[in-house]
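K.L.:
Following the numbering used here, the numbering of the sequence shown begins with 659 at its first residue and continues without gaps.
Note that these hints are calculated values from the structure, not bench results. Idealized CB from N, CA, C, for every residue including glycine. Be aware that one or more of the hints could be misleading.
Below, simulated DSS-like cross-link-like pairs (lysine-lysine); rule was C-alpha separation at most 27 angstroms, straight line [as the list claims (entries may be wrong)]:
id, residue 1, residue 2
1, Lys791, Lys802
2, Lys707, Lys851
3, Lys791, Lys851
4, Lys851, Lys884
5, Lys884, Lys707
6, Lys828, Lys884
7, Lys828, Lys791
8, Lys805, Lys828
Label-pair restraints from in silico Cβ distances [to be verified]:
id, residue 1, residue 2, range
9, Asn729, Val847, 26 to 32 angstroms
10, Ile793, Asn872, 33 to 39 angstroms
11, Glu881, Thr827, 17 to 23 angstroms
12, Leu852, Thr830, 18 to 24 angstroms
13, Cys759, Asn729, 14 to 20 angstroms
14, Glu773, Asn812, 31 to 37 angstroms
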Amino acid sequence: MRSQIALEFLVVIGLSIAILSLVLLIFYPSFQESFLSIQIERVRNLAEKIERLSNSLCSLGENTTMEIYFNIPELTRNFSFINKRYVCLSSIYRGELQIFCRESRCNMTGTLPIESGEYRGFLIATREGVLLKLINPISFIQIKANKTEGISPNEAISYNISVFDPNWTKITQPIQLRITFYGCSGRCVGEEKLVTISNGEYTDTYTYDCSLGNYTILSVEEESQKVFGALLLEAVC
659 MRSQIALEFL
669 VVIGLSIAIL
679 SLVLLIFYPS
689 FQESFLSIQI
699 ERVRNLAEKI
709 ERLSNSLCSL
719 GENTTMEIYF
729 NIPELTRNFS
739 FINKRYVCLS
749 SIYRGELQIF
759 CRESRCNMTG
769 TLPIESGEYR
779 GFLIATREGV
789 LLKLINPISF
799 IQIKANKTEG
809 ISPNEAISYN
819 ISVFDPNWTK
829 ITQPIQLRIT
839 FYGCSGRCVG
849 EEKLVTISNG
859 EYTDTYTYDC
869 SLGNYTILSV
879 EEESQKVFGA
889 LLLEAVC
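Can you build the whole structure from these sequences, using the hints too?
P.N.:
Structure representation (structure tokens):
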């Protein structure tokens with residue numbers, strides 16, 4: 659009797675597992691597709707949100723500050739300000755790179771997080787445009803170059819990197835920066851190096867490499883805080 663009950667129990671468990679496996683096999687692709695669609699829509703919405711708030715701040719005038727909370731969705735591959743006017747986020751969907759860009763009415767610069775998650779920061783209207791500053795031990799990475807447009811092949815470009823805390827003071831403790839030059843719409847990597855700075859500032863030169871194409875992004879990452887800044891270099895190759 660007991661062996662019969664045990665056998666019936668095993669049969670019921672086996673059937674349950676088989677049915678559950680069949681349900682997952684049928685419906686999991688739909689669940690996965692819905693999840694991916696939601697993430698893509700969140701990426702699109704974030705680009706629109708940053709652009710909308712930036713335009714609103716621009717209209718209020720210099721020295722206006724707005725606190726901002728935002729969430730970097732999963733699957734986000736890159737979040738950057740391109741050519742100072744475009745808020746761009748990219749994501750991978752069905753194996754394809756999806757890029758969403760919104761054009762702001764004013765110049766935009768800022769320091770952005772590398773990973774997905776929730777973040778808090780400030781949008782600040784300045785004379786040059788709108789600045790995004792994170793509430794983070796490393797709040798802002800400023801990148802300047804003596805030339806960003808009309809660069810000739812093999813031309814030497816001088817650039818300066820400054821790292822600030824939330825009080826707009828240069829960070830003086832040693833920090834490590836990863837400096838990378840990306841081309842080919844982010845698919846090619848040119849010069850790359852790790853540097854350690856202890857005075858909040860770093861200056862160097864870069865010889866433009868036309869094998870990366872006419873557009874190269876100078877990316878600066880601080881890996882412990884997972885933040886980065888970027889500057890677009892435009893050449894005539």
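K.L.:
When you take the CB atoms of Leu852 and Thr830, is the distance between them in 18 to 24 angstroms?
P.N.:
19 angstroms, holds
K.L.:
Measuring from beta carbon to beta carbon, are Asn729 and Val847 in 26 to 32 angstroms?
P.N.:
For Asn729 and Val847 the Cβ distance comes to about 28 angstroms; the hint holds.
K.L.:
Are the Cα positions of Lys791 and Lys851 separated by 27 angstroms at most?
P.N.:
This hinted pair holds, its Cα atoms lying about 25 angstroms apart.
K.L.:
Take a look at whether the Cβ-Cβ distance between Cys759 and Asn729 falls inside 14 to 20 angstroms.
P.N.:
About 19 angstroms separates the Cβ atoms of Cys759 and Asn729, which means 14 to 20 angstroms holds.
K.L.:
Do the alpha carbons of Lys791 and Lys802 lie within 27 angstroms of each other, as the hint requires?
P.N.:
Given that 27 angstroms is the threshold and the Cα spacing comes to 17 angstroms, the pair holds.
K.L.:
Between Lys805 and Lys828, does the CA-CA distance stay at or below 27 angstroms?
P.N.:
The hint holds at about 24 angstroms.
K.L.:
For the pair we were handed, Lys851 and Lys884, check the Cα-Cα distance against 27 angstroms.
P.N.:
17 angstroms, holds
K.L.:
Would you say the C-beta atoms of Glu881 and Thr827 sit inside 17 to 23 angstroms of each other?
P.N.:
With a Cβ separation near 21 angstroms, Glu881 and Thr827 satisfy 17 to 23 angstroms, so the hint holds.
K.L.:
Can you tell me whether the CB distance of Ile793 to Asn872 sits inside 33 to 39 angstroms?
P.N.:
For Asn872 against Ile793, whose Cβ atoms are near 36 angstroms apart, the range 33 to 39 angstroms holds.
K.L.:
Please verify whether Lys828 and Lys791 have alpha carbons no more than 27 angstroms apart.
P.N.:
At roughly 14 angstroms apart (the allowed maximum being 27 angstroms), Lys791 and Lys828 satisfy the hint.
K.L.:
Does Lys707 pair with Lys851 here, judged by a C-alpha cut-off of 27 angstroms?
P.N.:
34 angstroms, violated
K.L.:
Check the hint pairing Lys828 with Lys884 against an upper bound of 27 angstroms on the C-alpha distance.
P.N.:
The hint holds at about 18 angstroms.
Of the hints listed earlier, the one the structure fails to meet is number 2.
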